[in-house]
Every structure is written in C-alpha cells, then in structure tokens.
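Asks: Residue-level listing of the chains:
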Amino acid sequence: MLLRHTPKEIKERSALTINPAKTCQPIGAMYAALGVHGCLPHSHGSQGCCAYHRSALTRHYKEPISAGTSSFTEGSSVFGGQANLISAIETMFTVYEPDVIAVHTTCLSETIGDDLTQIREKARGEGKIPPGKYVILANTPSYVGSHVTGFSTMVVGMLKGFAASTGKKNGKINIIPGYVEPSDMTEIKRLCTEIGVPTILFPDTSGVVNGPMTGEFQMFPKGGTTTDELIATGDAKGTIALGEWASAEAARYLDSTFKVPCKILDLPIGLDATDRFVDALRTIAGVSVPDSVNLQRGQLVDIIADYEQYFHGKKVALAGDPDQLISLVEFLTTLGMCPVHVVTGTPGSRFETRIKELTADSPYPVNVKAGGDLFHLHQWIKNEPVDLLIGNTYLKYIARDEDIPLVRHGFPILDRMGHSYFPTVGYTGAMRLIEKFLGVILDRADRDATETKFELVY
Amino acid sequence: MSNKEELTLQVDPEKARQDMLAKYPPKVARKRAKQIVINEVAEEGMVPEVSSNVRTIPGIITMRGCTYAGCKGVILGPTRDIVNITHGPIGCGFYSWLTRRNQTATPEGGENFMTYCFSTDMQESDIVFGGEKKLRAAVKEAYEIFHPKAIAIFSTCPVGLIGDDVHAVARDMKEELGINIFGFSCEGYKGVSQSAGHHIANNQVFKHVVGQKDEGKKGKYVINMLGEYNIGGDAFEIDRFMEKCGITINATFSGNSTYDQFASAHTADLNCIMCHRSINYVAEMMEVKYGIPWIKVNFIGAKSSAKSLRKIAQYFGDKALMERVEEVIAEEMPAVEQVLEEVLPITRGKTAMLFVGGSRAHHYQDLFAEMDMKTISAGYEFAHRDDYEGRKVLPGIKVDADSRNIEELVVEPDPERYRKRYTAEDEKRFAETGFKFKDYEGMMPEMSNKTLIIDDLNQYEADRLVELYKPDVFCAGIKEKYSIQKMGIPLKQLHSYDYGGPYAGFKGAINFYRDISRMVQTKIWSKVKAPWQKKPELAATYAWE
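Chains as they are written, first to last, in this note's numbering: chain S, 1 to 458; chain H, 1 to 545.
Don't take every hint at face value.
Unchecked claim - Footprint (simulated), chain S over chain H, 3 or more residues, beta carbon under 8 Å:
(1) 261-272
(2) 299-313
(3) 477-483
Stated by the list, open to error - For lysine to any residue, the following SDA-like pairs were computed, each having C-alpha atoms within a straight-line distance of at most 25 Å:
(4) K307(H) with F430(H)
(5) K133(S) with D81(H)
(6) K382(S) with D81(H)
(7) K62(S) with P107(H)
(8) K523(H) with P212(S)
(9) K27(H) with G418(S)
(10) K529(H) with R13(S)
(11) K15(H) with E97(S)
(12) K382(S) with K133(S)
(13) K140(H) with L414(S)
(14) K523(H) with Q218(S)
(15) K23(H) with K8(S)
(16) K529(H) with G211(S)
(17) K470(H) with E121(S)
(18) K535(H) with Q218(S)
(19) K529(H) with G223(S)
(20) K523(H) with G418(S)
(21) K369(S) with E141(H)
(22) K8(S) with D81(H)
(23) K8(S) with P107(H)
(24) K436(H) with K529(H)
(25) K133(S) with D463(H)
(26) K133(H) with V144(S)
(27) K27(H) with D463(H)
As the list claims (entries may be wrong) - Have a look at the derived ranges for each label pair, beta carbon to beta carbon:
(28) R350(S) with E124(H): 46 to 52 Å
(29) R350(S) with H147(H): 55 to 61 Å
(30) A168(H) with T257(S): 43 to 49 Å
(31) R404(H) with E12(S): 43 to 49 Å
(32) N405(H) with M1(S): 39 to 45 Å
(33) R404(H) with T214(S): 43 to 49 Å
(34) K237(S) with A168(H): 57 to 63 Å
(35) K237(S) with A22(H): 47 to 53 Å
Hint data in this document are derived by calculation from the structure and do not stem from the laboratory.
Note that the structure is predicted; figures quoted are calculated from it, not measured.
Idealized CB from N, CA, C, for every residue including glycine.
Could you put together the complete structure from these sequences and hints?
Replies: The following block contains the structure:
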C-alpha cells in the first residue's frame, strides 16, 4: 500500500496538514503572468520558490517556463530585497528583453515587508526600466490563500498595471477565464467568436504553455494577452468573470475603478454552467446563439441521454480548486452521479455552502471541506467508498490503494497529457469529460465482469 | 594528467565565451567571466580556477534551488521512516512531495512516510504571532496518528525571520513524546544554493542520529554508501552487485534508507562517497569521531563501477574479496559490452553537454566516454571549487559571508566508539599500492583541454551554447528540458532520468546506453520542419503531374 499509514478512523487535526489539496499563491501568480504576451514572471524571494514553481509548471505542461528570481540571501533577508530586485530588473530587461516583467512576492519578501511599488519607482528613477517596458506587481504571500488566490491577485495586478480609461467605450467584452488550462482559454475564445462577441480575454496562456516545436526556442511565444489589450480593458462594455475564486476580484476592480460593469459566472464546465455562459454572452451582445453552438449543445445532451445509465447513482470523490469543483459537482449531478466527498485546500466557507446547495438532492450525505487535505479525503473514502475519483495526479496514490478509477483534472497533472490541448470547458469540454468518465467506468466494468457477464456492447 | 587531448570544436571556446558575456550588463559580465572557464589541464592535474558556490545574479534565470530543497528534498527526502514536517506555508512541502523519484523498498509491514507530505501550512496569524505553538501541535498530531520512530522539522524562509525556534520545539517534544525529534534551520535564503542545505542536513543527521544505535549490519566487509539517493533505483543496483561481491552496505545516505541505518552508520568500516558535494561533510565528521576513513567512488559507468569495486576490495586488502570482485566484474561485463557494441555505431563521435548537480555532471561523462561520445561542455549547478578542481584546492578556498553562516560542527573522537579501521601494516600496503583516501580529483582534470566549464549556467547561456555547438545530447533538469528541446536537441534529465533508470552500476550502464542511443536517433527531431517548410517554392500551377 502506498498510503499504508492512513487510518480509517478520523482524528480532528488543528495544526498538521497532510497531503495538501492546494499549493501556494506565488505559483498561481507565475502562471497568470505567463498569460501576458512578452511577459517574464519574476519571483521576489529565495531561489527555491522560483525553481519549485518553474519545475511544477514544467512538469504539468511539458513546456519551457521561464521566470526570474531575486535570489535572496541571508543578507538581503536582513536588509531588504530592494537591491536584489532592482538588479534583477536590470538583468532581465538587458539579457532577456521582455516587454513586461510581472513581479510577485513570496512569504519571505512579505515577511520582511518589501514595498514593491516603492522599489519599482526606484528602479524607474535609476533608469532600469527601459522606455515602453513595464513592471507589474502582485502581493502574493504564501501564507495567505492558495495558488488560486495568487492567480487572482496577479490578474488584478495586470489591471492595476495596465487598465486605463479613455472615456470612450470600445465595444469589447472582457473575459477573465479563471485558473484554467490554455486549451480552455482557446475554447472560451472560440465560443465567443462563434457567438459573435468581440472580447479581450486575460490572462491567456494559450500559445504560451502549449507551444509548437519549431526548431527554435522562443522565450516569448506568440500567445498571451497583449499590453494594448490589457490597457483597453478599462474601456470595455463589461466584464464576464469565470469563477468566483480566480476571477471575481479583477472584475470588481474594473467595475469600481473604471465603471466597467461585471457579471460573475461559474466556470463553464458541464452543460448548465456552459448554458449560463452562452446565455450571458448572447444577452450582452444582443445576438442569437448560432446553429453551430446549438449543434454542439445538442450533441452533448444526446450523449448524456445515450450513456446516462452508466453514470446514474455512481458515487464520486473530488479534490481540486473551488471554481472547478463547483462546476464539476453541478455537472456530475446533471449526469445523475452523486458527489459524496468534495475537498479543496483553498480556504473559503462559501465553497462549502455552494457544494451543499448543488448536492441538496443527493441520496447520500455529502462531505465537503474548504481548507481540507487529501489525507482527510482518503479517510472519508475509507469510510464511504466511491466509484470514481476526480482530481490531480496526487490522487493516484489513493486510486491505487483503494482500487478506484481516477479521472485526472486540475493542477498539477504530472503523468498524463491532454489537458493543455483538449478543453474541459464548453460543450466540447463536457463531451470530453464524459468520454473520460465513461472510459474509466466501463474499463472497470470490463475488468471486473465475469466471463459470463462480459459485454460486447455498451 | 597533463598532455590532455585537445578538443577541436567548430567554434573557438574563447569566442563562445565572449559571445555569452557580450550581452550582459558590465557588472554581470565581470562576475560571469569568472564562472565561464576554458579547461586547460597542467602538471599534476592543475586546472584554472572556477568561481563557484557564489551568489547567483538576480534575474539571470538560474537552474539553482534553495537550502530547504537541498536539506529536506535531497538529503532527508529519501529516508522512508522519518516523518518529515515542513514548518512553513504550504508551497515548500507541496513541491518537495514525491518529486525527486527516490525509490524505496519498504518491507511488508514496514513504515514508509515518503508518500506523505506533512506541513504546518502557516497562515498569516502564525507569521504575526509566531508559529511555534502550531508546530508543537503539528508534531503531536503527527505522533498520535503515525507513531513514527523519529520526526524531523524543516524550516522555511519565514520561520527564521519571525524567530520560531524549531530546535527548542524539537527538544521539548522529544522529551514529551519519547521519540527522536530534531529540527533543521534550512531556510531557503541561507547560502547561495541547495548546497548549503546539504551541509545543514549533514550536520543535524550527524548530531542527532548517527551513533544512536550500536548494532549495525553484520558482514565481513561492511561499508556505508554516501551521497547515493536511489533515483530511479540506482541504490538497488548498487546493492545487487555489492551483495554478489559479499560486501555489506550498512547504511546508504540516503537512498532507500531508514532511520536505523543512519543511527548505526558509525559501525561500518569504510565510507564510500558517490556525490562528494552533498555528503562529504558527514564523511569527514565520521572519520574524526568514529575513525571511519572515506574514499571517493563512482558507480556511474560500467568501467567506473568496476574500478570503484576494485578500490573497495583494495582497501580491505583481502585476497578472497579481490578475487570475488574480479569474478563479479567478469560476470557483469559481457552483457554491458554486448549492448555497447549495439549502440556504438550510433553514438560514436557524438557530443554531449552536462549541466547538473554537484557530481553528476562529472560522473555521467564516464558513461558518455564509454559510448565514445565527447563531452564538449560541462558545469555544476551548486558545486564548490573542490568539485571542479579537486580537493587539492581546499586550503585555498576563501570562506565568504554566505558560507560562514552555515554552522561548522566541531567534532572530537568519541571516547567509546572511536576505532581506527586499519593497522600500521595496512598503512604500509596503502602507501605501496598508491591507495588514497579522501581522493577526489574533481571534474576538470579528467576533461579535455578547451572544453568550456560553466558554473551555475543560466537560460541565456544554455541557449547560446546550443546555438553555437549543436550538441547531440544536452543533460540538465526539468526546468531546462523543454527550452533545449524546442531547438531540436534532445535533453536528458539527470535529476529524474526522465522517469527511467537506474543508471548506476552495470545494469544501469546498459539502461543509459540504450536511452541515449534512442534519444540521438529518435526520428521526430528530423520532422520538426514540415515538407512545405523544407521546400517552400510554390508550384506555378495546380497539377497532379
């Protein structure tokens, strides 16, 4: 057994986290910053933070992830990291020539109280920021929130760094896609184009962390939201923020600062959440939903009707990020499945309320925890077994020990490909999720069937 | 060692060096100039000085990690039955959770906590009011759930800054719970790389664990393997042929290790060091305190493995052992040679670059040499001058502020446990046969003249090197892998082995030959350009003919 020491009996823990279902803010900030075109993320902290974040993102995407670090030493930790950051800014603009440097803090620089705004002004004063180049900032201490809130904070940082109002609306809709895969961002853009809504999507990691092999290494690939687009967000007609945890704060910032009204929706994962997203787009743009989108929706409904019998009543345990889990849980209930254990490491009691609401009709009691961990999830599973697990690669240890099929979803996925190329948002994404769920459920049925009961057709 | 073969390269290394330095701001260029050196082996293996173990330039995009990573991740990570609690915000514990591929073979009913990540997940209130209370509670909870024989506590950056005393907590909890509990002040900002973390880990393991248990493994020839982390099962392979030879490995630091192995390490008769950089401290201290001598070995490469086995046999000086070692080598080599014969037509004359670790960039050159591949440039991530130039330069290394704040333990012979491991007669034999202890000559004396030695290589320099020299294989880590591969050059990860291995020993050599020959002949690299990109002329008319 891989997790042989996990007891069935659950003891209350107040201090020890075991097998986390989250990681720290800075990695979310780094990922968000990669979604700005020509941007080099920079970690203002010890070298290890940056090395760990780059490694984790690289393992997840199998793509180069470039980012700088302030390389704090004991001296800088005592006297402040200003000199390191200014020297880093100079080195990066000279050697790597990004258009934008996106600096985020760490627990170290936050604990010693480095003031990023003041340091940026000093760097500017010393001529270390070349004309036409930008340094944007985000305060992301690792002892607050999670990678999801770090992402959210960097998105706000982009707006603080760029968004401006000319007083004249540009007719565009801002879309904040949330902490999703580049494939999801592409799919969201495609849906908007299909429906006929002119958008600015930010951040946009498509084309950055799922780039092609060309024989050349481009540190700053074609993808990413451009600085011009980010500046124009202040003149947009409105903002659609997908996911309360990852996107709402940025949308509210635009609303309060530039009077750009916003609508906060769930991530468009699954039938109902995608319907709400499409409906919102249609209403805002004042257009009717095109046949092409209706066709895909129809196909999805058709597939669900075809295969509903294999989903009905199946118990599911999920771990991941709040925005994803809320939409996934809703989708599972649409399929007739029963989410019984739901855990996120990201804090926030609203999450528990939402999941309870979404599963109110469940025939089973539902365990839900925000700020929980995978150890606790495993214990729940030992007490109430499930038919399907959904979550990141770390769940494979539970999956193997308990012999439960696993569908990988979320961050990080370290051992399978697909997430960067095939979306799980929108109607096509929902079809892909069904394909995955069905695949593991029916593979299991085939594996476990007796020779007599072995089926050719499902 | 002199009269080294000189490498002929398509680009003069000095030109390449200047090319790399040209883009840097003046201060950066001055610093990097001392870390980019052209090898020139003189009499007695003297080589040019390489500035190393110095601070990384902020913003340069280094390969290096931090002290915590070196301590918790590298040294203590592979021990299966210690509950390792990271005291800090969640990230550090999360990222060091199972990511280094240290394999461990837990017996039925045995303890293995390596699949678990334990953290105090410090919150803002812990930073403001102090985290000791939470740490105490966390240790207690870990004890109550798991009942381990030992708990280790690892400090992350904010811990040192807010002044949490992890050692006091460890002391108190040790007393309260009655098991061994010890802390590491391995805050990420200490030192200039993960190397400082190795040193801190060595110190604490030596202070708190080694010597706790006087019964070690029994055998005629009992050794410890130091600096072998069982990535991809390397230590298993080493165990396999050692056992065949009749040599008993008492403790491995720290691949596939247990607490008891560390605790009884002082009972062995010889320490064999694989990774000199990460573990020489504990070997030095064991020699002073317990009288165990150490030698440098290398089990990367079949010939190197044979050589190291012979060296161990020579130390014990026992004819039976020396004969057995020869028998084992004779048994192992045919399979190795057979595969080598298969791959040589593919690998012969190809080139490699290695930028990794504190010993791997050296050791793996032996494997490439066996495949008749030339190492044209190499460097370490976090090594010190002695790893480049040999231990002969140790007395001349300046101790800077960053190294000075890493504790140097003062060690004295243990009044009861100190035991000299060899006799005056042995000493005579050693002198006669030229057998040397503490004999690490470093990487550079073994490399060709004109090879480029680059310490703490960064992304820009890696990019330039590949553009200029187009090596057939580039060896580094996960962060470097895909930027190099975008340029159409395969990258072999030498931290994780690209999830393959083992690469140590005889079977490992076979695995490596096969992997490298596969990589240099993978068809996909020739298909990067589409047919229409290779022949972009437009046909004048649309025609079938």
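Asks: Look at each hint and say if it fits the structure.
Replies: Structure-based check of each hint:
1. 261-272: Coverage by chain S is violated here, the residue count being 0 at a Cβ distance below 8 Å.
2. 299-313: violated (count 0)
3. 477-483: holds (count 6)
4. K307(H) with F430(H): Satisfied, since the Cα-Cα distance of roughly 16 Å is no more than 25 Å.
5. K133(S) with D81(H): violated (52 Å)
6. K382(S) with D81(H): Distance of about 23 Å is within 25 Å: holds.
7. K62(S) with P107(H): Roughly 34 Å separates the two Cα atoms, so the pair is violated.
8. K523(H) with P212(S): holds (17 Å)
9. K27(H) with G418(S): Violated - the C-alpha atoms of G418(S) and K27(H) are around 44 Å apart, more than 25 Å.
10. K529(H) with R13(S): Cα-Cα ~56 Å, so violated.
11. K15(H) with E97(S): Status holds; Cα separation ~23 Å.
12. K382(S) with K133(S): The given pair, whose Cα atoms are some 54 Å apart, is violated under the 25 Å limit.
13. K140(H) with L414(S): It is violated: about 32 Å lies between the C-alpha atoms, which goes past 25 Å.
14. K523(H) with Q218(S): holds (23 Å)
15. K23(H) with K8(S): Outside the cut-off at roughly 60 Å; violated.
16. K529(H) with G211(S): With a Cα-Cα distance of about 15 Å, the restraint between K529(H) and G211(S) holds, given a limit of 25 Å.
17. K470(H) with E121(S): violated (42 Å)
18. K535(H) with Q218(S): holds (23 Å)
19. K529(H) with G223(S): holds (21 Å)
20. K523(H) with G418(S): Holds: K523(H) and G418(S) sit about 22 Å apart, inside 25 Å.
21. K369(S) with E141(H): holds (20 Å)
22. K8(S) with D81(H): holds (21 Å)
23. K8(S) with P107(H): Holds, because 22 Å separates the two Cα atoms, which is no more than 25 Å.
24. K436(H) with K529(H): violated (54 Å)
25. K133(S) with D463(H): Roughly 23 Å separates the two Cα atoms, so the pair holds.
26. K133(H) with V144(S): holds (18 Å)
27. K27(H) with D463(H): Between K27(H) and D463(H) the Cα gap is close to 21 Å, so the pair holds against 25 Å.
28. R350(S) with E124(H): 46 to 52 Å: Violated - the Cβ-Cβ distance for R350(S) and E124(H), about 19 Å, lies outside 46 to 52 Å.
29. R350(S) with H147(H): 55 to 61 Å: violated (37 Å)
30. A168(H) with T257(S): 43 to 49 Å: With a Cβ separation near 48 Å, A168(H) and T257(S) satisfy 43 to 49 Å, so the hint holds.
31. R404(H) with E12(S): 43 to 49 Å: Since the Cβ atoms of R404(H) and E12(S) sit about 45 Å apart, the hinted range of 43 to 49 Å holds.
32. N405(H) with M1(S): 39 to 45 Å: holds (42 Å)
33. R404(H) with T214(S): 43 to 49 Å: holds (47 Å)
34. K237(S) with A168(H): 57 to 63 Å: holds (60 Å)
35. K237(S) with A22(H): 47 to 53 Å: The hint (47 to 53 Å, Cβ to Cβ) holds, given that K237(S) and A22(H) are roughly 49 Å apart.
In terms of the numbered hints stated before, the structure departs from hints 1, 2, 5, 7, 9, 10, 12, 13, 15, 17, 24, 28 and 29, listed from lowest to highest.
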